[in-house]
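Chains A and Z supply the protein sequences, listed in that same order.
With the UniProt record's numbering, letter number 504 in the first sequence gets 504, and the count goes up by one each step, no holes.
With the UniProt record's numbering, letter number 411 in the second sequence gets 411, and the count goes up by one each step, no holes.
It cannot be assumed that every hint is accurate.
In silico lysine-lysine, BS3-like type, Cα no more than 25 Å apart, as pairs [said to hold, decoys possible]:
hint, chain 1, residue 1, chain 2, residue 2
1, A, 261, Z, 87
2, A, 175, A, 127
3, Z, 130, A, 258
4, Z, 375, A, 471
5, A, 314, A, 381
6, Z, 249, A, 478
7, Z, 184, Z, 129
8, A, 117, A, 180
9, A, 283, Z, 348
10, Z, 249, A, 476
11, A, 343, Z, 146
12, A, 180, A, 164
13, Z, 11, A, 507
14, A, 180, A, 127
15, Z, 8, Z, 249
16, A, 473, Z, 249
17, A, 310, A, 343
18, A, 258, Z, 87
19, Z, 146, Z, 87
20, A, 480, Z, 249
21, Z, 11, Z, 249
22, A, 258, Z, 146
23, Z, 249, A, 499
24, A, 283, A, 343
25, A, 261, Z, 146
Rough simulated footprint, nothing fancy, chain A against chain Z, three-plus residues with beta-carbon under 8 Å [stated by the list, open to error]:
hint, segment
26, 52-64
27, 296-302
Here are some chain Z residues the structure puts well away from chain A; computed CB gaps all over 12 Å [to be verified]:
hint, residue
28, 7
29, 89
30, 107
31, 111
32, 121
33, 129
34, 180
35, 184
36, 226
37, 347
38, 356
39, 370
40, 373
It is worth saying that the hints were derived from the structure and are not from the lab.
We put the CB at the ideal spot given by N, CA and C, even for glycine.
In case you want the letters, here they are:
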Amino acid sequence: MAPKSKASSKAAPIPESKAEPPPETVGERSTQRFYKTNTLQKRCEEVGLAALTPAEKKTYSHAQLIIPVSQDRVPLSIKAEREYWKQVSKENLPIRRLRRNYDWGQDRQGRQLDTYKLADFGERSLKQARLAALDILHRRFLAKRDKARKEGSELPAEEVEEEKKTRAAMAVLRKELYGKITGPLAQDPAWDDVVPIPQAEPEDALARIAYPDDYAEAVSYLRAVMATEELSERCLRLTQLVINMNPAHYTVWLYRFKIVKALELPILDEIEWLNRVALQNLKNYQIWHHRQLLLDYYLPSISSDTVAVKKLAKSETEFISRILEEDTKNYHVWSYRQYLVGKLELWTPAELGAAQNMIEDDVRNNSAWSHRFFVVFSNPKETTPGSLPTATDPKVPVATIDRELAYAKEKIALAPQNQSSWNYLRGVLVKSGRDFATLAEFTEQFVSGLGEESEDVKSSHALDLLAEIYKAKGDKEKAKLCLERLAAKWDPVREGYWKYQIAELEK
Amino acid sequence: MAALNKEKHIKYWQRCYNTYLPTPYTSSDSTRLMWACFITSAYDLLSIPFSSTDRTKIRSWVLSLQHPDGGFCGSPTHSLPGQESHKGTANLAATFFALITLAIASDGEEEAKAAFAGVKRGKLLRWLKKLQRDDGSFGQNLWEGKPVGGRDTRHSYLASCIRWMLRGHHKEDDEPWEDDVDVKAMIAHLRRGQTYDGGLAEFSEHESHAGYAYCAVGALLFLDRPSSASSPRPEPSSLTAMDQGIPDKPGMLRFLAGRQLNYLAGEEDDEEEEEENFIQDAVGSLTLEGGCRHVGFNGRWNKKADTCYVWWAAATLAMLGSPYPVSVEGSRRYLLEITQHPIGGFGKFAGTPPDIYHSYLGLAVLAVFGDADLKDFDVGLCCSKETTGKIEKAREGLLKATEGEDQIAWASDGFWAS
Ligand SMILES: [Zn+2]
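For reference, chain A alone in the conformation it holds in the complex (with noise of 0.2 Å):
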């Protein structure tokens, strides 16, 4: 306790600052209110305790003491305390005393607030004002669908609109400030009553994705409804907000697929539906298996109505062409128009000619050659059922068999290094049955002079197939020789292979 003295009447005045400038940010304003309310702390720092004149001593100890006399935590006389008190307010030392280094916390980027420019500042004290404002708006929505619920009523439109404003201004609101997201379906009142089952991972869970904002609400609310089971149209679009983000996603498709039944919706506006789907994820398999799973739900439906399983044909082929048009060797789109033929028995002229006219577009279309062999070697009509590509079968009319080899020649002729024709003719020559040396003077044309100086070789294909013919016909030297050119000179890259086809003939 300072001792009564006449000196203290001339306590130190409080220093005027160097006129500061005015603050510019939350830290600075805070740090100018620790000076202005901590008596000569400043110009303590700024010289030292020693070198401050007595009666700045005085009333900076004077002030030091405030807190711990105003918490009795220095014992005092009645007296010395009150004596104490009125030095204060002579010195007019300022009573309450801010601390230093406030800590205003961080926003949601992890940048400290006190850094903040005091106009921002403010308007972020604005949007709290704002969210909260926007929070009770948001209650009485609730308490008032709940009283309207109790007596049997639901609220009209426009309040459910209002309340989705209500929703994404605050949503809006909480991620500026808090960073916190609130999804499309947590904004919608029309999902209030499910409660998502979010997904519990830990921190140091493997191959974690960096999903897309919605994405784990979508399969949060996805997990709910599955659980419950529940089908309806909101449950639809909530599959199609999945599949948009997880096309792969293995039981979303099979849960649509059950609404679809359930709902008992138009199959063919699913189809459409599927359209734009298919179109916006080409490689997507689970969309081609919807597709037969819808299919093969629909045509009993339409079985007794032939006109119906025309046009259904008709617009599927339709677009299947037009899919084909921006990937032309789609594996799931010609494997799913392999289905739909064998499903809708399209052993037509107009299947063939699809296929056909794929092959003039590109001769080495691979997959259109597969399919043109399918409808061909598969047609129930002129084939025996379960027999296998690899083997023969007598049932194939001649006619037939001679004009896919001719197709095959025609094609070869066109670009006779095509691996997907050579494959083409000797597949049909093993349907038919045929011996392999009856292909032996169409092959012969592309290679000539073999083993000679003025050896040629239009197709290393060809050598390959004249080895097969020739060591049919047991010219295994002949044979020999071609395989020698091809790993030598022809095919080099397939010398192993070559090379083990030779050790094939020596057995």
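We have chain A already, so just place chain Z with the ligand on it with the hints.
Chain Z with the ligand in isolation, oriented as in the chain A frame:
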């Protein structure tokens, strides 16, 4: 000659292991177990050790995806917590990758023996049996009690491997017995998949595809494979599943040989049409200067070279006993000079950024080719031979653990299952 940039690959895989996979992986959220398996298996191949904390973490994450009725779910998206857990959905691929990952996450003999501890073997094998259809094919998951999904050879392969990993070759009077899948029907289904060009597809009516060929051959391989390296080989006189499952073996060998193509570096960049490349237009031009420097592989006839098909085709051939060699040097150069990415990993094509799938299969096939920087590879299970050894021990350990409890397990299982 370019070499495997081991350091960069290690960095690539460490990134995959330690940080979030980029947002585009969302569309493969359902196969997170596959990514986890590839990532941990790449660590194994590159001999990056896991700490015991890591191993525990991997184990518990994988086991958290187990479905209470058997099998594993593809990702946390497909598995539900607590009371609702039986409403999640297990699938074949996830189950296959889960088992391999559990083995990878074990270190040493003792841990390997316990690697499958916690796997519900009986339930899993019964679930597997339910996934088989009358025609011998397998669905990918059950839906309302029935197998659903395609009938392609991928599912047959996965089922065959899972059966091998968990069931072992037991005779009916052995304990602990589980009803087997219909092996005959399985072979018959695969047999129906060979196409006119010797390749394989889901059905023989579809276009042949090297990936489906690998899966069919792999499925047959595991039907024939002895339980462990030390178990007795089957009678050489008996017809193997491989013999029965491929109607035209020379055709298959031809198809696989046909996957190799002379990759002309430099052409890929200026080619506008993605698929119209690398066709052997000019026969014989391959022997010109620099011919066969790079040998790429495609998955179907007349398609473009792609990193993963080096694996699919070369690995299939290896499973068939490598009757002839592929051009290893040319293929290695293709992988190391063309698709190996400067930041590590492999891209699908020249210049494409690396992704987990191609990066792993690129490493896998280099291991098949005997790359000195990588561990010896089990071409059938697509993991290191060391991991296969652990799987054998894990199976042994699991069978031992099940033996004693069998009675009790059956009583409760039977009751709650009905
Ligand atoms: Zn690929």
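The hints, checked one at a time:
no.	hint	result
1	261(A) - 87(Z)	holds (20 Å)
2	175(A) - 127(A)	holds (11 Å)
3	130(Z) - 258(A)	holds (21 Å)
4	375(Z) - 471(A)	violated (42 Å)
5	314(A) - 381(A)	holds (22 Å)
6	249(Z) - 478(A)	holds (24 Å)
7	184(Z) - 129(Z)	holds (13 Å)
8	117(A) - 180(A)	holds (23 Å)
9	283(A) - 348(Z)	holds (15 Å)
10	249(Z) - 476(A)	holds (21 Å)
11	343(A) - 146(Z)	holds (22 Å)
12	180(A) - 164(A)	holds (18 Å)
13	11(Z) - 507(A)	violated (50 Å)
14	180(A) - 127(A)	holds (14 Å)
15	8(Z) - 249(Z)	violated (40 Å)
16	473(A) - 249(Z)	holds (21 Å)
17	310(A) - 343(A)	holds (12 Å)
18	258(A) - 87(Z)	holds (16 Å)
19	146(Z) - 87(Z)	holds (15 Å)
20	480(A) - 249(Z)	holds (21 Å)
21	11(Z) - 249(Z)	violated (42 Å)
22	258(A) - 146(Z)	holds (14 Å)
23	249(Z) - 499(A)	holds (17 Å)
24	283(A) - 343(A)	holds (23 Å)
25	261(A) - 146(Z)	holds (17 Å)
26	52-64	holds (count 4)
27	296-302	holds (count 3)
28	7	holds (23 Å)
29	89	violated (5 Å)
30	107	holds (17 Å)
31	111	holds (18 Å)
32	121	holds (23 Å)
33	129	holds (20 Å)
34	180	holds (26 Å)
35	184	holds (16 Å)
36	226	holds (27 Å)
37	347	holds (17 Å)
38	356	violated (8 Å)
39	370	holds (15 Å)
40	373	holds (24 Å)
Hint compliance for this structure: hints 4, 13, 15, 21, 29, 38 are not met, and every other hint is.
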